Structure formats: C-alpha cells, structure tokens
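Engineer: Same order as they appear, the protein sequences are chains A and B.
Once you know that position 13 of the first sequence is 13 in our numbering, the rest is easy, because the numbers rise by one and skip nothing.
Take any residue in the second sequence, count from 1 to its spot, add 1000: that is its number in our numbering.
Bear in mind the hints are in silico, worked out from the structure with no lab data behind them.
Hints are not guaranteed to be accurate.
What the hints assert, rightly or not - Dumping the calculated EDC-like pairs for lysine to aspartate or glutamate here, alpha-carbon to alpha-carbon at most 20 Å:
(1) B:1130 x A:134
(2) B:1063 x A:134
(3) B:1079 x B:1050
For clarity, every value in this text was computed on a predicted model and none was experimentally measured.
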Amino acid sequence: IPKRETKKIKHFQEVIKWGTFSLSMYICGIYKKKMSNYTNSPCAACKFLRRKCTSDCVFAPYFPPEEPTKFANVHRIFGASNVSKILQEVAPHQREDAVNSLAYEAEARLTDPVYGCVGAISVLQRQVLRLQRELEETNADLMRYASCLGSETTSAYGGRRG
Amino acid sequence: MSNTKHIHKGLLERFLDLLLIALIIFMTLKGGTSGACAACKYQRRRCAADCPLAPYFPAEQPKLFQNVHRLFGVRSIVKILEKLDETQKPEAMKSIIFQSYVRDRSPVYGCLGVTQQLQYMIWLAEEELKAVNSQLQLYRSQPQNGQNQNQNHNSHNQMIHELGGDNKQQEDVTSQQLDLGMGLNVHNNQSNVVTPFFSPLLPVSETQQPQMSYTYSCSEVNNNGYSPPAYNTDSGKEILTNNNNVWGGQNRFLYNDNNGGGFSNQNQSCHEMKSNNGVMAIQSQLVNLQMASNHQQGEEEEDAHEYDEIHQFLEIIDDRQSFADSKEAYASSSGGSLKEQIDEIGENELRSAATCFSLTSVN
Chain A
1 IPKRETKKIK
11 HFQEVIKWGT
21 FSLSMYICGI
31 YKKKMSNYTN
41 SPCAACKFLR
51 RKCTSDCVFA
61 PYFPPEEPTK
71 FANVHRIFGA
81 SNVSKILQEV
91 APHQREDAVN
101 SLAYEAEARL
111 TDPVYGCVGA
121 ISVLQRQVLR
131 LQRELEETNA
141 DLMRYASCLG
151 SETTSAYGGR
161 RG
Chain B
1001 MSNTKHIHKG
1011 LLERFLDLLL
1021 IALIIFMTLK
1031 GGTSGACAAC
1041 KYQRRRCAAD
1051 CPLAPYFPAE
1061 QPKLFQNVHR
1071 LFGVRSIVKI
1081 LEKLDETQKP
1091 EAMKSIIFQS
1101 YVRDRSPVYG
1111 CLGVTQQLQY
1121 MIWLAEEELK
1131 AVNSQLQLYR
1141 SQPQNGQNQN
1151 QNHNSHNQMI
1161 HELGGDNKQQ
1171 EDVTSQQLDL
1181 GMGLNVHNNQ
1191 SNVVTPFFSP
1201 LLPVSETQQP
1211 QMSYTYSCSE
1221 VNNNGYSPPA
1231 YNTDSGKEIL
1241 TNNNNVWGGQ
1251 NRFLYNDNNG
1261 GGFSNQNQSC
1271 HEMKSNNGVM
1281 AIQSQLVNLQ
1291 MASNHQQGEE
1301 EEDAHEYDEI
1311 HQFLEIIDDR
1321 QSFADSKEAY
1331 ASSSGGSLKE
1341 QIDEIGENEL
1351 RSAATCFSLT
1361 SVN
C-alpha cells in the first residue's frame, strides 16, 4: 500500500476515534442532564422570576412548581432576596419550617394588610386569658365545694366519735 | 465714653456667643445625620421632612428598623403603607415591627410559633376546664352523699395527663387532691379521638414530613378565622400604646372578641390536624421547660430597654435555636421523665402565662 494512502487511512482512523469520543461525551452529558431534577420543570421561584433553575437553586427544595402561589405570596411581602438570606442563616434541617412559617405570615399579611398574623395572635391571647379567668373561677367553686364536704365529714366523724 | 464702648463690646460679645450656641443647637437638631430617623440612618441617606418611615422608627432604636429591614425590606413596607389609610398606618407598622421582632427572636418559626404556642395553651386550658367542670358537676349532683364521696376521694384516683392519643377511657375524677393546673384527661369516648396536636412519644425524625403539611394547612385554617368583621378597624378594636414610644410603654393588642365562632372553628380544625404533628408539641413542651428554668438570658438584656413589654410576653417563646441543640437529647429521654416534665409544665404554665402575657389589656 503506498505511503500516501496509509497516511490517509491513519488520519481517517484518528478522525473516527475523536468523533466517537466526542459523541460519547455528548451523549453522557445529555444523559446526565436528563437524570438531574431541574431540567424537567423549574421550581416555582425560578418560574416566577423567569430565570434558569439550576441544580443549586436555594428555593427549589421548598417551593415546588405545583404551588406557585406560595412563592408568589412570599415574594410579594418579603422579597426573594430577603427569603434567601433568611434561608441561608437558618440550619438546613430547619429551612422547610422557616419557609412554611414565612408562607403563613405572607398569606396572613395579604389577607389582612393592617394586622397580618399578629391579629390572630391577639385573638388567641384574649382567648387564653378568658379561659384562665374561667378556670380560676371554676377552681374556686370546686375548692368551696371540697371544703364544705370536708367540714361536713369532720363534723359527722366528730359526732360519731362523741 | 470708653465705658460705654466697653459695655457695648461686652453686650455684642454676649450676643454673638448666644447666636453661636443657637446655631450649634440648630445644627445638631435639624442638620446632618443626627436628626435622621433610624431608617434613613441605616440606609445612610438624608432624612427628608416627608420621610414615610420617620414617625415609626425613631433614631434611638435602630434595632427595630434592622429587624424590619431584614424581614420585609424598605420597598415592601412602603408598598404596604401606600395601600392603607392614614389611620391604619400606625397600626400596620406596629404589627410589622412586632412580627419582625418575633422573627428576630425566633428565626425559624416566627409568629407561626407564637400562634401554635397559644393554640397549645388554649387546648391545655380547655382540657383542664373540662376536667374541673366534670368534677364540679359531680359535687353538685350529689350534695347529700358527701361521706360516700370522701371514701372515693381517698382512693386517690389521680388524673393522668394523657398525651399522644392513648385510647384510654375517661376516668372518673374523684380525687379530692386535684392539683390546680395539673392532670388532664383526654376524652376518648368517641371514635374520632380528639388528640392534641402533638405526639411527643413519636420520634422526632419521623414527624418531619407531617409537620410541613400541618404548618402550611394552618394558614388555610386561619383564613377561616380571618373573617373581615373581626379585622375591620371600624369595629372599635385598637392596637395601642399608652406612650408615644411604640415599645417603651404598655404595648397592647386589643381585639373585640366578636369572632369567637370563627376561632372555635379554627380550634376545631386545628384539633383535627393535631394528630399529625409531633415535633411542634415537643418543641412547645421544651419551650415551657426552658422558660421555667431560664428566665433571664444575657442577650435579652441588650434589647430590654427597647422591647420592654414584648420581652415580657416573649419569655414564653424561648429561643427555638436552643431547642435544635437539645433535640437529640430530648429524643433519647424516657417516657417517665416526659411525664414529669409535662406535670411541671402543667403546674407552671398557666401561672406564668398569666404573668408574662402582656399583649392585651384586661379591661
């Protein structure tokens, strides 16, 4: 075989090698992308903010795409940047609770722009005070009955002894 | 002539001195950043005469604005204020400041934690009231058989504080030694067990998932309680301070109790959800324990002069972060110690709540 043709064959073989290598890398990349959670649908926060939902999105675990209003409310009242700051200050295992409490407060503030969730606190507190007062009165009645019975018993017992 | 000149010079000097002093005073009062409100100071900008936040954030209390800024942000507050009337603005700002303060104290749960704590206390008080009423009924129904009752009482059928939904039958409360604030019976006569909203016997790790559904669905429940008439400012309720300073004096949140029906629904709904939640109750119990043992914390003293009344109220709501540290320790505690802790809670809770609560004034 002449030398020119062997060179061509070798060159061709190298091209095929690199081609298959790059193709396999590309396929691996696609596969990896498909396996990740965030290419199917972005989280509610990224949908709302119209940005790409990356794998390290702070909001993604706590604002699923099925609950768009949750993030919308939180963003409207507190702002996304404040929420992300709060989340970063809190331990990872408590972030879900923090988000839920923020969602509750945001919804309360939207429902009642003047008092928000503090209104509920105030009403509950009055209820507690009312119940405590009622409990004190009832306990006082109970003590009165108990003392009356006690005095009856002692008098009966004393009479019996005498 | 020279005397008069001397006198005129002296007067002139005095006049100039007075003018200088007046100018200095004027400069310090009006000019520069010393006259700026806390909001403008924090943002390092000039405080205009019509600054919307100036009335609510005095310069002497920078922490107030810091809390609000961290949670809400200036833009959100201004947006909220723009939508309100002039009469509603002070009240809205007070509630915002309070909410921010609570969030600062409890970064994870904030006002939701306070709400749940109060719901727990209401449940506790209602259970105790039921027990006491049943005992009272017993006394009233049998006034002549006093001797028989005494014999029963001597058997000392102690009331057990049942938590976690054990399906025990309601026991007759016949003990004469009914300790106030202790001993509750869970009425399990019905098929639908009205259990408390916590289950402290469950391991902590297992209850993470249900807790999420509880806390978020609570907001839906509260929507039922957020009926407009109760929150209409024309109905005569007030959020007031006795002093001009928002938090320096008696800061009370008053509400007309005309929404009892709405909130009884809320309580019932919360009762239904109660069996799902485990961690919250554990936390609230620990909070009470820590409240009983740790009344004074050094970090509170720094803010004491700023949050006088709030500090009294929020002693009940202990630092949730300290709970996170003690979570593991609690998870390994035995049931026997739990009962002792619960008894201690029952003994101290209502009394301390009565003394610590200061948000509403008792008319």
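Engineer: All the hints need checking, so say for each whether the structure fits it.
Structural biologist: Hint check:
With a C-alpha separation of about 11 Å, the suggested pair residue 1130 of chain B and residue 134 of chain A falls inside the 20 Å cut-off, and the hint holds. Among the hinted pairs, residue 1063 of chain B with residue 134 of chain A is inconsistent with the structure: their alpha-carbon atoms are about 39 Å apart, more than 20 Å. This hinted pair checks out: residue 1079 of chain B and residue 1050 of chain B have alpha carbons roughly 16 Å apart, not beyond 20 Å.
Consistency note: the structure conflicts with earlier hint 2 alone.
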